[in-house]
Structure formats: structure tokens, C-alpha cells
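Top line first, the protein sequences correspond to chains A and B.
If you count the first sequence from 1, position 297 lands on 297 in the UniProt record's numbering, and the numbers rise without skipping.
If you count the second sequence from 1, position 260 lands on 260 in the UniProt record's numbering, and the numbers rise without skipping.
Just so you know, these hints were derived from the structure itself, not from any lab.
Below, a list of computed lysine to any residue pairs in the SDA-like style, where the Cα atoms sit at most 20 Å apart:
(1) B/Lys-7 x A/Gly-120
(2) B/Lys-7 x A/Arg-118
(3) B/Lys-166 x A/Leu-27
This one's a predicted model, so the numbers in the text were calculated from it and none came from an experiment.
Letter by letter, the chains look like this.
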Amino acid sequence: MSTTTTSRPTVRDTPPRQTTPRTGRRLRALVGAAYAAPTAVMVGLFFLVPLALVVWMSLNRWPLLGKPKFNAPANYSGIPEDELLRSAAWFTVKYTVIITVLLFVVAFGLALLVQHRRPGVGFFRTAFFLPMAVGFASASLLFLGFLSDEIGPVTDLLSWLGLVDGYVSWTSGSPDSALASAVLLVLWRFAGFTMLILLTGLHAIPPDVYEAARVDGANRWQTFGRITLPLMRPTIALVLTLMTTGSLLAFDQFWILTRGGPDNSTTSLVMVIYREAFVRLDLGSAAGISVVLLAALLVFNAIQFRVLRRRSS
Amino acid sequence: MTGVGVKQNARWGYYVTGTALAILFLFPLVWSAFASVRTDTGFGLENYDRLFNSANGVEFRHVLNSVIVSALTVGGTLFIATLGGYAFGRFKFPGRDVLFLLTLAILMVPYATILIALYVLLGRLGLEDSLIGLSLVLITFQLPFSVFMMRNSFEAVPVELEESAKVDGCTSVGTLVRIMLPAVRPGLVTVGLFAFLTSWSEFFAPLILLNSTDKFTTTLAVVNLRTASHGSIDYAALEAGVVFMAVPCLVLFAAMQRSYVRGFTSGAVKG
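In isolation and in its complexed conformation, chain A is listed as follows (with noise of 0.2 Å):
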């Protein structure tokens, strides 16, 4: 994984002198593998249990309070006609279609104009990551009060520009600006993030290939489609795979900006399950929903993993 341990390879292996070498070695192995302990203990604990205990609640009427009892496979079975499931599926892979796309391509560009060391740079970079620290669910606050009538100043700049006529309810008015809203949040919040990730990426590109293209006598397009995309292509994809990922999981931006409005239009599949458990106090059928939603998941990785070998190999 990283150059440090393919230049010295043997020299973790090799044990103190003052004992002999497999007694050291064992011993060594023993005293690794104690510090190991506390994470493996966590990973076992908080990982690996709740894996398998979705599962098994998924197989399970498992209510709120009292007793569970095996009862599959009912909490799967009434999944395909769950109305607003379905629709919370497909606006969820919707948003994350558009998130993805839009991201990306500010992410993009942002990492771009910041690439190269010169006077201002360092500012530039900082304002654009800096909503990075303010948390998500705290900035989807934030965006409440600053997309509002009551005392935002969006709708107040719009009408000044002659955009918009009068009152306009930007996050509950329509589905449309509803989502637009929930879309502007999170780019505003992610896209420094996104950058510095892709900027690690730009960095990690040796400057003697981009030398040897200008020789070529390669154009600028032409040295980032055929230079700087393709050596870019680990990156991209550890950057698609947090987006899509993270996307498919929105919950924080509808739950406070939107509350999954009007008419349940922005409800996603995360606000679902939680509506299950804990407002109809079903944790069975919030369960079977997930196991689904990690199928899903998994199959998607999986998917893209593929894609990503085939193309680098």
C-alpha cells in the first residue's frame, strides 16, 4: 500500500538480537498482535455483532418494546408494494445521480484552480473548505434560516435582480426547489472536501509526464484527457464511491431542510427506515429495509470495483 513498506520489507521481520530468532519472533508476533486487541475487540463488538444482528432482526416482527418472534419472511414481503418506499428508492437514486454529477464537477474544477502553488492560493483553498467544519447537520440549519423569507437573503437578492416576484418558499414551495435547496447545501458543505481529496490526486502525478507531453507538443485538452484523467482514475473513483455512497444514505440535509417535503418528495431511504423503527415502532421491518439497502450497496461496490479493474488492468 505504500512505498515505505515495499523499500523495507525484512526489516519488520527481523527480531531483537538479544534473544533467538524464533522466540523473538513469536514474542514480537504476540506483543503486535496485543496492540491490535482494542481495535479488533471494537471492530468485533460494534462492526461484526450489529452486522449480523441486522440480519437476524430482519428475519424477526421485532417491535420497539417487547418480545421479538420469528416471523420471516414478512418484513421483506411487503416491501415491493410500500408506496412510499418506493418512492423514497427512487428519489434517493435520483438525488444521488444529481449530487454525484454536480459534485464532482465543481470538486473538479475547484481542484483545478487551486492546483498549482501561487500567491492567494493557500486563502482560496481555505474558503472553499472551510464550511467543512461547520457539521452537516449544523449547516443544514444554517441553510434553513439563509434560504427563508423571514430572514434570508436569497429571495430578497433575486427579487432585487428582478428573478423572482414576491414571496417564494424555497425549501417546502415545491419539490423542484425543495431539492434544489437540499442539492446547493451539499455542494456548498462538500465540494473543499471533495477538492482536497482530488488535489492529493493531482499532486500524486509526476510533473517529468506532463514535461514529456508539452515536448509532444500536446494541447491543454489533450494533456487532460489522455494525462491527467487517466493517472487520475484511483482517486475518481475512491471520490465516486464516497459521493454515491454517502448520497444513497442522505438523511441530515431532508430530515432538517426539507423534512421530507411537500408530499413526502424529498423523503429518502434513510428517513424510511428511521420512520419504521422509531415512529412505527417496527425495528423488524426498519431491518429487513436495510439489509436490502446493504445488498444493494455491496452489489453496487462490487459493480464498480469490477469496472475500476478492468479499465486500470
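Place chain B on chain A using the hints.
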């Protein structure tokens, strides 16, 4: 146009675009600070007064809860990720690679899908509606990034440093504390800062894992102001809440930006 002219135009374009975008990104932040102190009559702290003193506003208890959860999460993450990163980066033992992959796999299984199970599990462990339970969950979801980061940091430390300490008679723990930890400081700062930013402002996990209002973290209490208000929302008090939540993050971020960005980029490039 001469070559110099093109260059100058490009520089102008760079600064005009950069400045315009910077203003766009900074504007909501500046606006919320402004909105939080604007009142009917001018400027003042009345919005903060309503934030902290209205019927279902933010209480001292909520702020204290946030501080406790953040401290537990930052401390726990640093402790576990340092030991884990040291183990993965410097030792060979059976099961090492499997455990490391499992830790990274937490990233692939988004926690929203297993949080219901965690809710049940914490109940069985006697940790329902508890700040400790919430912190344990937050630590776990901080681990993939943190362990990865610390492993890379430890791998980058020259082996000679560790060996000379051993020759001088340092114990294993002594070597870790006195020799290795100072060498991986940028990594530690990055991991700690990330853990703080996440735990301080996390919303979904406390929403599910905490039930009683006196256990609420500040994020929950501020969002509660919006949820509790049917009809008209007190936007100005909400913006005061946003500023109150954001200020510690912005201050810490500004203070540690150097090591943060360095730790982040070195970790990512090597991966």
C-alpha cells in the same frame, strides 16, 4: 496577443474566478454570524438569549453532554487507533491483514444501515440512552480513517529510531510513548481533529441512540428548536445555535490547519 499578454490574462482570470468563488463559499458563514446578532432594533445578543433560555432551548446540560461525548470519542479514538496503527504498521502477527481489511470495511458498510442493530445491542449491554454507548459507536465509525492514518504515520518513521531505543534498553511501551508518539504527531493531530469535528456535530447517531432530553447533545437540542416549532420557526435563534456549534470547530480548525492538511495529504497520497 503576445505571450506575456496571455499569461497576464490567465493570472487575472485566476484571481477573478478564485475571489468570486471564495466570496460565494464564505458568504453563508459570514451571513449566519451576522444574522445571529441582528435584532429588530439593531444588533445584540437577544437571539442567543432565546437560544439558551427559551422553553425547549439549549441548556448547559446539553453543552456538557457534547463536551463529554467529544472528549470520550477523541480520547478513545486516539488510544485505539494509535495502538492499532502501531500494530498494523510495525508488527507481523497472525490475522493482521484480515483485521485491517475488516476495519477498512466499516467504510463500505454505512453505519445508518446498522444503527438499528446498534440501538438494540447497546440496550442489551445496559448502555441504552447513554453518552458512553454513543461515544463507543462514534469511535468505531472513526476507526477506518484513524487506523489507516496512524498505520501510514508509523510506517513512515525510520526503523533505526526504534532500534536505537531498544538498544538503549527502552521497553516496548516506553519506545512507543517516548520515541514513536512524538514522531507521528501530525497523524495524531489529524485523527484527533477529525474525531472532534465528527463527534461534536454528529446528528443521526445521537438522534437514534439518545432518548431523554437531558441526555441530548447540543446538535439535538438545536435541531429540536426547529422540530418543536409548529408554525413559525425562530430562524434567528437557530442561526445563533449554528454559530455556537460552529465556533469551536472553526477555532480548532484554524489553529491546527497546518498539521491537519499535511497529515491528510500525506496519508491520502500514500494510500
